[in-house]
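Student: So you can see what is in the structure, the chains are spelled out below.
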Amino acid sequence: MRYYTTMTALAVLFLFPLVWSGWSSLADPGDYLEMARYGEGLATYAANSVLVSAITVAGTLVVSALGGYAFARFDFPGKNLLFLVTLAILMVPYATILIPLYVLLGYLGLQNSPVGLALVFVMFQLPFALFMMRNAFEAVPRELEEAALVDGCATFQAFRRILLHAVRPGLITVGLFAFLASWNDFFAPLILLNDGADFTLPVAVVSMTQHTFGAVDYGMLQAGVMVMALPCLILFVLLQRYYVRGFMSGALRG
Amino acid sequence: MTVTITRPTGTCGAAAPSWWRGRKAMGWLYAAPTALIVGVLFVAPLILVVWMSLNRWPLLGGATFNAPDNYVDIADNRLFRDAVGFTLKYTVITTVLLSAVALGLALLVQERRPGVGFFRTAFFLPGAVGFAAASLLFYGMLNNDFGPIDPMLRALGITSEPVKWIGTPNMALFSTITLVLWRFAGFNMLILLTGLQSIPVEVYEAARCDGATRRQIFRRITLPLLRPTIALMLILSITGSLLAFDQFFIFTNGGPDNSTVSMVMVIYRQAFFRFDLGGAAALSAVLLVALVALNVVQMKVLRRSP
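Residue numbers (our numbering), protein chains in the order written: chain A, 420 to 673; chain B, 2 to 307.
Since the hints were derived computationally from the structure, they do not count as laboratory data.
The beta carbon of each residue, even a glycine, is placed where N, CA and C say it ideally should be.
It is possible that part of the hints are untrue.
[Stated by the list, open to error] Covered, in the sense of this in silico footprint (three residues per stretch, anywhere, with C-beta under 8 angstroms from a C-beta of chain A), are these stretches of chain B:
no.: 1; segment: 45-51
no.: 2; segment: 130-144
no.: 3; segment: 247-258
no.: 4; segment: 267-277
no.: 5; segment: 283-295
Just chain A, same shape as in the assembly (with noise of 0.2 angstroms):
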């Protein structure tokens, strides 16, 4: 019994803040949708942060499922290097190298655009998504393919009719962790995008809180907050499965 009581306790504990917010979001239903500041609607970030999100998932699944294949199934020069370079993306701390990242995409025109910042999520997630997307594939047996094959499809298209199905799993755990990188992200729009009116959620909603003018609307804060986190709740929920199984082959660092 004594277990149960701290338990309970403990729960409270910890899902106390997230009820609070749900509930101070709603304390005043009139301004939900309209953010003093800049005069536009959570809306608006949230339609920017779903396009973003939206090429970000794309990019990774289209990019570490072609990778991903190459490396479980095809031999070529300069392999391993390309593997490793990919890997040791791990390895250099995310936040210093968005400084030249922004001059760079500054250089590619792609400065202050979704598409740029979109791309540079398919970058940090690529070593993730690539290892698990070559393992989904390896585990895939060859005579799957080679049935194709014989049945007079291209590679391509036996790739793309037979393969795709077999791994999908694996498509689902990085389609999951691109969106909740990109949706979630804060450092990375921060310096990539300067326009209000492209700011994703989170950066959108943190300069409500860092205008010198004004007084915050906490109840909108708290919109915000929820307007950000459902999704994730949501997802966390109905794909438990394969959030476990990603971040335990390594989808979130620190």
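Go by the hints and put chain B onto chain A.
Tutor: The following block gives chain B in isolation, referenced to the frame of chain A:
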């Protein structure tokens, strides 16, 4: 013909037939997007950060070579010196507390009994929320006028006036660490739980047959067998804490009086408050080398553990 193409790699001799060369080209084709992203967005910025650190590189305007001024300036940068000390202090306190809390939680939810799944989920749930969102949540929750904590403490008679949650250097650090514990304890608990569950039940049974007490079992069996998992948790916590940014930028904004400015925050301020990208690049390069070295050491330690 199509069947030959799928023959497993490594079976061919020194003289590669033409289909084999084709297969190499195919491999490159599939790997090309990876190579492009890694080359342009990872290798190029790595080179650029070194080049930038050797130049006077204002936020706007042209760059001029000035090596090694940016590195010399780091020695005079008081904000950075203080930030190094503060970040190390924060890293030590956070890592110790986080490991202790996570281990406690993991031991509490280790055994299968009714309701334990709910408790695991409850402890992990804050980890599903993004860190920026979690920092904003605490920013509101610990606000004296709007947040619920102050009125609750007053109602319980614990305090009689508003608590300065982020008003003094020590309180700001304490509040931030509370936020980090709330957000990451469940995540670390889950890491430890997988380690705990990989210890075979037979080992425990054998120990119990030999008459070992609970305490002995924990010290002689659980802790040693958990060492690799604990090492992994420590590495994640140390690396993450040394690179702390979100919590201090969002929750304390470096205050009061720059007492909670982390190393990464100094890089950000150097670049976008002092408009000095060259200086920021030099700071980045120093931090990068230090952390890569630390990672190498940590990986060696991790590999040596049984």
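Student: Next step is simple, just say for each hint if it's right about the structure.
Tutor: Verification of the supplied hints:
{"no.": "1", "hint": "45-51", "result": "holds (count 5)"}
{"no.": "2", "hint": "130-144", "result": "holds (count 12)"}
{"no.": "3", "hint": "247-258", "result": "holds (count 4)"}
{"no.": "4", "hint": "267-277", "result": "holds (count 4)"}
{"no.": "5", "hint": "283-295", "result": "holds (count 6)"}
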